[in-house]
Amino acid sequence: MLRYTIRRLAQLVLVAFVLSVLLFGWLRLLPGGPVSALLGDRATPESRAALEAQLGLDQPIWSQYGKFLLRALSGDFGTSTGVERGSPAVQVFLTRFPATIELSLLALLLAVAVGIPLGYLAARRRGGWWDNLSITWSLVGVAVPVFFLAFLLKFVFAVQLGWLPASGRQDVGLDATRVTGFYVLDGLLTREWDAAWNALVHLALPAVALSTIPFAVIFRITRAAVLDVLDEDYVRTARAKGLSGAVIRRRHVLHNALLPVVTTVGLQTGALLAGAVLTERVFNIAGIGQAVAVGFERKDFPVLQVVILAAAMVYVLVNLLVDLSYALIDPRLRAR
Amino acid sequence: MRAPSRPHPSGIRRRAAIAGIACALVAAAAGCAESQRGEGGGEGGSLTFGAAGAPDLFDPFYASDGETFRVTRQIMEGLVGFKAGTADVEPELAESWEHTADGKAWTFHLRQGVKFHDGTDFDGSAVCANFERWYHQTGAGQNNALSYYWIENFGGFADGAQPSLYASCESPDPATATVHLTRATSKFPDLLGLPAFSMQSPAAMERYRANDVRAVGDSFTYPEYARSHPTGTGPFRFVSYDQGNAAIRLERNDEYWGEKAKLHDLTFRIIPDETTRKQELESGGIDGYDLPNAADLKSLRDAGNQVEVRDPFNIMYLGITQKNNPKLRDLRVRQALAHAVDRENLVRANLPEGAEVATQFYPDTVDGWAPDVRQYPHDPDRARQLLAEAGAADLTLTFYWPAEVTRPYMPDPQGIYNALAEDLREVGITVNAVSKPWNGGYIDDVDNARADVFLLGWTGDYNTPDNFIGTFFGTPTSRFYTAGSPWGEQLAAELRAADGEPDEAKRNGLYQEINRKLLAEYLPAVPLSHSPPAIVVGENVHGLVPSPLTAEEFAGVTVTG
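Chains as they are written, first to last, in my numbering: chain E, 5 to 340; chain S, 185 to 745.
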């Protein structure tokens, strides 16, 4: 188990390196560059050339990459040119990352908390009205684009009814204390219940919108997995032995059905990060999704590099955790 | 800090916590959202304004973006300012000024009793300290990306590598400052009204190392001053920039020398998406925003909002580059383009209400506008004839238009391109369209003269002709590449001469003459239109004066209800 973990972590370093080379090259192949964003509308060819020389953008790309790598190894990933001009790219990431994680985690929690019980119930009452209704709901959930749903939710609950805030992470006038950058957590840590609640309220609509697809996927996988397990011989045997329904459900059905569900939850984490780009745009949340959107618009290479690399690393790490949790859930894997 | 308990019933809260589902959140939050909206401070209340982008920094000297100026304009003031609702200069921190006959020495009589937000005095030595700071920039501070407005208006720095308009500054007494220039210019003192030349506290700039800008990696780093300690004399003080929540907060300066701001506090929320800004206004999250989509103006008005249409102080033109396509160096071909485009139709069909056809390269409110320039009415036959005469009946043009962007003078680039391209095709010109995102190659290519014709424009900084045509055609190797024609250098020289004429009447005469020649003899581009950009505020906002320079000040605004 330990050797397996170490090997996987070493792979992580290799993935990070290869990805950084590809990302660095790809961004610089795109038309335009940070010089336009820095100089604004009124640049002249002379000022453009002077700036390129000053920033070393006229050097060969491998030389630029070498310098980037050297700096990156000491923790300096460059300075933002567009998203938060003048701020270190790492700081831009650290300021915005909590917003995205908070949103994604809440969405995932919602999806799991609603998807697994509903999937289980639908499987147990296969073919009933509840099953049919849930399946329809989950189909709609997958089919409706996050962007559209986010827009719709905002229009109804924020614009028309005025029940929830339409955008942002917290009311600006609150003056809440910042500790970790996770606003809900900060509110709890500093016992500013108002601030925590306010941040949670701001998260409600975006989290519901973002949770739809993972909910639908988790629901369907749970339902299918439970159905599979219910047909297994050992369940039938357990029933024949006269075990109580509750014990069968807990020990045999749920336990065995959980494996594919955990895989799905892991995979959905990646999808959540992608969905967050759109959700953050609609709800104007200053997270990494919005940073990527603005970063591409303004060709902010340093921020794009940090954010995309970090997002990829999170994705790889989550997969690693999923693999490790397999081993915990399924003793056969642990023995290998 | 322990916050007071919430106004909504605790029963609902408990249920929400236990259930943890969205519906309960929705029900409980209704009370909370309402309570936030009712809060307000001071007699003029609080105003939250939606900005389209993050400001680059808060030191206007190093900035050239409108979002930075939108904020610093409330915090800082210049020696001169712009009369509300116009582009005309009026006294601000200088009560009056006079200049010598040769236009090279300007003496400013300063307002007395003015203090910076850090409590230090605004006086003659502070004025000179600001000028000297600008002039003595070194290293990264001399880069066009940082000191754009200085370089554009004053030229070089103290190191003497480039000539500078600025010579020296002296302050014989606290109430006086004299600025010496190396030559006369039509831009003085108007250019001192630019936010970049706002007066900032020398003490605060020293304390927070305001000049410590550096080029690092792909970008620049800014000192603490520019990030969190901008210190001016204006009606609002800087409070904070919360990047996590994308909000900039200002509060009223109770020691302000003039009429104090009515608002207690002023917040700018950064909302990049235009639709989101509109929905935020509709839901009460903000009290107003800039750059509303032209298509939304009616529905915004119908919903009770106030849509203020600013006086147009901009120009959209069909740019021409003479560099790569030799046929475009023939005046008849450029005239054919001017006759081919149906500007009346363009203004009617593609531009917002209040837009006007442009007869020359700046609006008629700017000095030196000539009423008798050569006109180019829509005349496809005449266009075909001119093309035939020039031997360019088979003309092919690469036509660049920007994607994924709108500008105040160009609300719908694609629609405008379609209309113009159709006009050009009608007279037999083959049009090859190239569309790129603004920062994704468009500006790069246009600046490097890769287009034959292109869509672009300009919003004026202040009310002088030089700010328009001097900027466009003052350099023959610019994006128009007027160096391709024998008159390119001549036009640049004429522009320099007019700018250097200290006598206002004579100067205006010179500019009128240039405008006549620009349209009749040179035609380096085709002026198309002046469009009024709009700004929108809710029905409970009073006293906002729309500015043609898009330089609204919020000190006189009140919010009710």
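Treat each hint with caution, since some may be false.
Stated by the list, open to error - In silico SDA-like links for lysine to any residue, alpha-carbon gap of 25 Å or less:
| no. | chain 1 | residue 1 | chain 2 | residue 2 |
| --- | --- | --- | --- | --- |
| 1 | S | K507 | E | D62 |
| 2 | E | K71 | S | P407 |
| 3 | S | K482 | E | G166 |
| 4 | E | K71 | S | V273 |
| 5 | S | K482 | E | K71 |
| 6 | S | K444 | S | K701 |
| 7 | S | K701 | S | N477 |
| 8 | S | K620 | E | V320 |
Just so you know, these hints were derived from the structure itself, not from any lab.
Cross-check of the supplied hints:
1. For the hint pairing K507 (chain S) with D62 (chain E), the CA-to-CA distance comes to about 24 Å; that is within 25 Å, so the pair holds.
2. Simply put, K71 (chain E) and P407 (chain S) have alpha-carbon atoms about 24 Å apart, close enough for the 25 Å limit, and the pair holds.
3. At most 25 Å may separate the alpha-carbon atoms for a hinted pair to count; K482 (chain S) and G166 (chain E) meet this at roughly 22 Å.
4. Using a Cα cut-off of 25 Å, the hinted pair K71 (chain E) and V273 (chain S) is violated, with the two alpha carbons roughly 49 Å apart.
5. A hinted pair counts as satisfied when its Cα atoms are at most 25 Å apart, and K482 (chain S) with K71 (chain E) does not qualify at roughly 53 Å.
6. For the hint linking K444 (chain S) to K701 (chain S), the alpha-carbon distance of about 48 Å lies beyond 25 Å, and the restraint is violated.
7. Using a Cα cut-off of 25 Å, the hinted pair K701 (chain S) and N477 (chain S) is violated, with the two alpha carbons roughly 36 Å apart.
8. Distance restraint check for K620 (chain S) and V320 (chain E): the Cα-Cα separation of roughly 34 Å exceeds the 25 Å cut-off, and the hinted pair is therefore not satisfied.
Consistency with the previously given hints fails for numbers 4, 5, 6, 7 and 8, ordered from lowest to highest.
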